[in-house]
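A.B. asks: Full structure from sequences and hints, please.
If you count the sequence shown from 1, position 453 lands on 453 in the numbering used here, and the numbers rise without skipping.
Treat the hints as calculated values from the structure; they're not laboratory data. You can trust all of the hints, since none of them are fake.
Straight-line C-alpha distance at most 27 Å; calculated DSS-like pairs for lysine-lysine:
1. Lys278 with Lys113
2. Lys49 with Lys113
3. Lys273 with Lys49
4. Lys91 with Lys72
5. Lys273 with Lys91
6. Lys423 with Lys347
7. Lys237 with Lys49
8. Lys73 with Lys91
9. Lys113 with Lys237
10. Lys278 with Lys84
11. Lys49 with Lys278
12. Lys273 with Lys84
13. Lys273 with Lys113
14. Lys73 with Lys84
15. Lys91 with Lys278
16. Lys423 with Lys346
17. Lys84 with Lys72
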Amino acid sequence: MALTRRNFLVGAASAAGIAATGLDARAENKTAGAADAQAEYATLLDIEKCIGCGLCVEGCRERNGHRYPEVKKPLPAMFPPGTKDEDWSAKRDVDDRLTPYNWLYIESVTVQKDGAPLELHIPRRCLHCTNPPCANLCPWGAASRQPETGTVSIDSQTCLGGAKCRTVCPWHIPQRQSGVGLYLDLMPRFAGNGVMYKCDRCADSFAHGELPACVEVCPQQVQTIGPREEILALARKLAQERGAYLYGVTENGGTNTFYLSPAPFTELAQQVKPGPGKPTFAPVANSMAQADNLTRMLVTAPLVGVAGALLSAARQGQNTEQMQTRPHGAVHDPRVDAALSGGLLKKLWVTVALLLGFTGMMQLPVASRYGIARIPGLTWTGDFYITLNIHYILAALLLALGLYWLTLQIRGRLRGRLAFWGKMRLAVLGVVVLSGIGRVAKNLPSITFSPGMTTFIDLVHLGFAVLLGVLCLWLWTTGRGAWRDDG
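C.D. replies: Printed below as a string of structure tokens:
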């Protein structure tokens with residue numbers, strides 16, 4: 001398609017060519033190839049150009065005002081007592097921080113450069129991480145990464161306002177508005193608390209080929225937008241030429257927003273006082289790095305289980321060829337060892353499953369709301385990353401145990417057999433495992449599902465996990481056995 005001033009820009013030119021010609025963020029007559037390629041897009045903010053006029057903030061409000069929350073009052077009384085709502089509906093004009101009605105603001109700081117004071121004006125908004133924890137860890141799939149645009153969006157139709165996305169975001173970008181959203185139709189007093197809002201780089205405008213409002217209205221052309229690799233190359237080239245500094249390239253594993261500054265960001269971080277709605281410029285480690293490493297462990301866990309079972313079966317097979325006699329003369333039947341191993345395996349299986357269910361429950365914001373993390377000895381459960389990593393480790397152990405047990409069963413080394421209800425429980429567990437694999441896959445930066453598929457996988461995983469717990473409790477209270485002894 002033909003690109004206009006309101007269409008995307010960088011085209012097929014190389015980053016070096018762009019730098020040489022002085023890239024215009026609203027350039028015309030670029031080739032359509034880049035726009036049609038659906039490359040991941042990123043932005044470069046040259047903050048030395050910004051004059052703090054605030055037109056980008058006004059443009060953002062004008063473009064996105066129709067998507068701002070319209071609150072239903074009175075707000076529902078929250079339970080348990082002390083649960084706080086967040087209502088910005090009477091403070092829509094606040095523009096010096098992020099709010100549900102202000103997705104971009106200008107931060108002004110004064111730094112020293114060459115012995116003289118230098119005032120910098122910095123547009124602050126979502127950085128759109130390449131592996132965003134807000135999207136990865138949202139329990140309902142409301143937050144999602146759009147690989148074709150390089151942005152992260154929150155679906156106001158499915159978000160319940162648990163604010164987990166804000167908690168796990170290193171910059172605490174998303175902001176909550178109570179009294180709006182799906183939770184009002186569910187259990188408004190007991191679960192949910194509104195909808196989370198943040199910049200999505202004018203996603204609805206992008207769908208029609210338009211520039212984000214903040215890019216389009218800026219008179220100084222502070223922002224440059226284009227395919228990520230080209231923008232990153234341009235950012236590095238300019239930083240090298242000017243002796244400037246970059247932020248957002250490696251922070252949190254990489255983002256699609258690059259800040260170019262004449263002053264070190266460590267100095268900016270000292271000038272910027274982070275707080276609610278005011279993100280930091282401090283260094284940020286990759287928050288999903290540990291989870292990515294544990295994903296590799298999950299992949300190898302079944303292989304470990306099969307290998308362990310085969311070794312155990314081979315050892316027992318050797319013992320079966322001739323009965324062994326202990327020093328005190330007792331006859332040792334290897335089938336007894338197999339039965340013992342099976343009993344221990346069942347106990348270990350149940351223990352791991354219970355802990356897996358507990359850490360999974362602690363991944364839900366409602367667990368924090370009801371004060372579980374305030375119980376002595378359980379304060380660690382208030383950290384979503386800790387419970388996530390433990391959940392991954394337990395899942396790997398469960399997979400290894402499952403494949404260990406299955407291999408022994410196939411080889412006839414265990415006397416215990418599943419009864420009908422045991423098979424039913426195993427089937428439900430299978431759905432939990434498969435949907436769990438889907439949840440793990442969506443956390444990988446190279447794999448992206450549609451928002452609808454993400455929500456479906458999340459709901460299936462959570463729903464069948466609850467069903468599994470109910471089924472296990474029912475079997476226990478009714479005395480129905482999941483196993484029968486064939487011995």
